[in-house]
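Asker: The chain contents come next:
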Amino acid sequence: MDLTEFIPVWLEATKDAEVSTGLPVDEALRRATLLREAIRQRTIRPEDVERSTEFVEVLYALSLLLERDEDATPERLLADCEAVFHFARALSWLGEGSAPLSRLAFLCWRNARRNGNASKESEWSRVHGQTSVADYRDALLSMREYAEPSSSRCASSPLDVEQLLSICEGLRDQLEVSPDHVSEESAFLYDFLSTLNRESGRFDEPGYCLGELALICGAANRVLSHRDEARRWFDRAEASFVLVRNSSVHVARLAYQRLALRLEERDFEAVMELAPRWVERFVELDLLEDALKCRFLEAHALKETERLDLAKTAFLGIESDARLIGNDRLGAIAAQNLFQIHVFLGEIDQALVQAERATATLRGLNNRVNLAKLQLGVGYFLRGQGRLGESIAAFRDAQRQFLEIQMRADVAATHLVLADLFLDANQPAQAEREIRAALPVIDELKLIPEGIAALSLLRDSVHRRQIDRKALRSLTGYFEELGF
Amino acid sequence: MTIPAGPSHAVGRRASTGRTVPPELLEAFHRDLFLPLVWRATWRHGLSKEDARDVVQEAFLLAVVKLQGKGNPRGWLFQVVDNLCVNHQRKTLRRARLAAKWGTAPIPESEFDQAADD
Numbered sequence: 001m002d003l004t005e006f007i008p009v010w011l012e013a014t015k016d017a018e019v020s021t022g023l024p025v026d027e028a029l030r031r032a033t034l035l036r037e038a039i040r041q042r043t044i045r046p047e048d049v050e051r052s053t054e055f056v057e058v059l060y061a062l063s064l065l066l067e068r069d070e071d072a073t074p075e076r077l078l079a080d081c082e083a084v085f086h087f088a089r090a091l092s093w094l095g096e097g098s099a100p101l102s103r104l105a106f107l108c109w110r111n112a113r114r115n116g117n118a119s120k121e122s123e124w125s126r127v128h129g130q131t132s133v134a135d136y137r138d139a140l141l142s143m144r145e146y147a148e149p150s151s152s153r154c155a156s157s158p159l160d161v162e163q164l165l166s167i168c169e170g171l172r173d174q175l176e177v178s179p180d181h182v183s184e185e186s187a188f189l190y191d192f193l194s195t196l197n198r199e200s201g202r203f204d205e206p207g208y209c210l211g212e213l214a215l216i217c218g219a220a221n222r223v224l225s226h227r228d229e230a231r232r233w234f235d236r237a238e239a240s241f242v243l244v245r246n247s248s249v250h251v252a253r254l255a256y257q258r259l260a261l262r263l264e265e266r267d268f269e270a271v272m273e274l275a276p277r278w279v280e281r282f283v284e285l286d287l288l289e290d291a292l293k294c295r296f297l298e299a300h301a302l303k304e305t306e307r308l309d310l311a312k313t314a315f316l317g318i319e320s321d322a323r324l325i326g327n328d329r330l331g332a333i334a335a336q337n338l339f340q341i342h343v344f345l346g347e348i349d350q351a352l353v354q355a356e357r358a359t360a361t362l363r364g365l366n367n368r369v370n371l372a373k374l375q376l377g378v379g380y381f382l383r384g385q386g387r388l389g390e391s392i393a394a395f396r397d398a399q400r401q402f403l404e405i406q407m408r409a410d411v412a413a414t415h416l417v418l419a420d421l422f423l424d425a426n427q428p429a430q431a432e433r434e435i436r437a438a439l440p441v442i443d444e445l446k447l448i449p450e451g452i453a454a455l456s457l458l459r460d461s462v463h464r465r466q467i468d469r470k471a472l473r474s475l476t477g478y479f480e481e482l483g484f
Numbered sequence: 001m002t003i004p005a006g007p008s009h010a011v012g013r014r015a016s017t018g019r020t021v022p023p024e025l026l027e028a029f030h031r032d033l034f035l036p037l038v039w040r041a042t043w044r045h046g047l048s049k050e051d052a053r054d055v056v057q058e059a060f061l062l063a064v065v066k067l068q069g070k071g072n073p074r075g076w077l078f079q080v081v082d083n084l085c086v087n088h089q090r091k092t093l094r095r096a097r098l099a100a101k102w103g104t105a106p107i108p109e110s111e112f113d114q115a116a117d118d
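In order, the protein sequence lines correspond to chains A and B.
Be aware that the first sequence starts at 1, since it is given in the working numbering, and climbs by one per residue.
Be aware that the second sequence starts at 1, since it is given in the working numbering, and climbs by one per residue.
It should be emphasised that the hints constitute simulated quantities derived from the structure, not laboratory data.
One or more hints might be untrue.
With a straight-line Cα cutoff of 35 Å, these simulated DSBU-like cross-link-like pairs (lysine-lysine) come out [said to hold, decoys possible]:
| hint | chain 1 | residue 1 | chain 2 | residue 2 |
| --- | --- | --- | --- | --- |
| 1 | B | K66 | A | K15 |
| 2 | B | K91 | B | K66 |
| 3 | B | K66 | B | K49 |
| 4 | B | K101 | A | K120 |
| 5 | B | K101 | B | K49 |
| 6 | B | K49 | A | K15 |
| 7 | B | K49 | B | K91 |
| 8 | B | K91 | B | K101 |
Make the full structure from the sequences, and use the hints.
Answerer: Here it is in structure tokens:
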């Protein structure tokens, strides 16, 4: 049914008509109370429930009962919310993306937090994202409207934490699709939320959302190589997280982001020392995905310090474990790294298998950041094969992809690689153009402080119109080590 | 007319376009979109059924003007209903505050809107 066409028809057809709005409120609440008890006692099975609109409304009423229950302990409430959620999900006719499911997942998340159950908190946040009925972009627009300075809503209406949770989940999903957009939106929402008082939501949820938005904004800035900005956002996240429930979990997630930043700054020693400790901590907290992400950092550090066999083993383990916990994204990024390692080791056939595997999954996830990085790897691969023209085309394609998602540091790094290739192809004028395009960005983003001497030599050589190849190689070397 | 209360009620309903609307289409729309939106307004935002119905019809009126065919129109409608419910609650709250302040009976909506704008 095309809604844009049918809504006017509906409005015309129902003009001056009495339209049924379902069960009377009292009746729905009475049935919801009975249903809650039946689910608790297991005297009702999903397969016994026939499809009916009335039953759906009773589920809505039950979610309200669970939300407003002030007598039950948080443990009891979490158990009830989970039981009702699983019961509702087992109703094959209800369908994913149904509003009662999303509401119930939110209540599970809220009560998991109140219970101090980190693993469940994380799990229910994810499930909420999967069952959310509204697109996070619509929620974002709505929240922007809510945050308008001219709006009097801010002062008088409560913050919709469920909506904010959906937005955080949506923004997190977009981190590797459009980090610039994520950075802008999360910063805006953080600033707005900072102006509200803590009573504007239930429990400590506004504080949690504030920390989460700062963490997301920091991660987006890290992806964009705005490292000072990323650090500032991580500090803001910490200031919010220390005051909320399960703070140790959120501080641990923050530690992962800080460690990832240190990897990008080539502080491999710190990564090798700290990553295994965080892996242990995450496993203790039953946060397996976060543990896997820390193993990732360790494997990266091994790769960057040229312990390629160890790195290969580590990435193979990550790829296999990612599959076990159903995380396609991590599996694909492991495959992308394995592709590079196989190229370095000259294992061409295995490299191509990994490249194909990674490409298919990353395309499916629309993971633009890692697709661009994969394309960069293809450029290096072709260069290693001596296929200069194809290599230039691959680097150009990667550069275009980086530019589209505003990863300016990677665009600059690719300019330098292309400059080197143009010198190989005896095209110094083109090489000079590439370097001139890269230098202002490297300066602005303060990308490689340790390469300052090489940078200065290169700049001087460009002024003299005689490119210092050694300085250029030295700089591209820094970028390669940085994982660009 | 009550929808749904048996197919006969909707049969032969004519839209202003002169097109006869098949009753099963109206019923499907009622079941799959109208009711879920009313439930959201009632059970998530605490509106009475009457207010919930008015809010949903208002959301449909907005949709006629603003809804494009692209994206997720169903998600958009849920969002609009959420916003209208928040507005409704805000108005109710402010009306009650003004009534308490002035020591009067609840203020009619039109007068309240004028006062709120002032």
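Asker: Now, for every hint given, state plainly whether the structure supports it.
Answerer: Structure-based check of all given hints:
1. B:K66 - A:K15: Roughly 20 Å between the alpha carbons, so the hint for K66 (chain B) and K15 (chain A) holds.
2. B:K91 - B:K66: Holds - the C-alpha atoms of K66 (chain B) and K91 (chain B) are around 23 Å apart, at most 35 Å.
3. B:K66 - B:K49: Measuring from Cα to Cα gives roughly 25 Å; hence the hint holds.
4. B:K101 - A:K120: Since the Cα atoms of K101 (chain B) and K120 (chain A) sit roughly 46 Å apart, the hinted pair is violated (cutoff 35 Å).
5. B:K101 - B:K49: With Cα atoms ~28 Å apart, K101 (chain B) and K49 (chain B) stay inside 35 Å; holds.
6. B:K49 - A:K15: holds, 18 Å
7. B:K49 - B:K91: holds, 17 Å
8. B:K91 - B:K101: holds, 15 Å
In terms of the numbered hints stated before, the structure departs from hint 4 and from no other.
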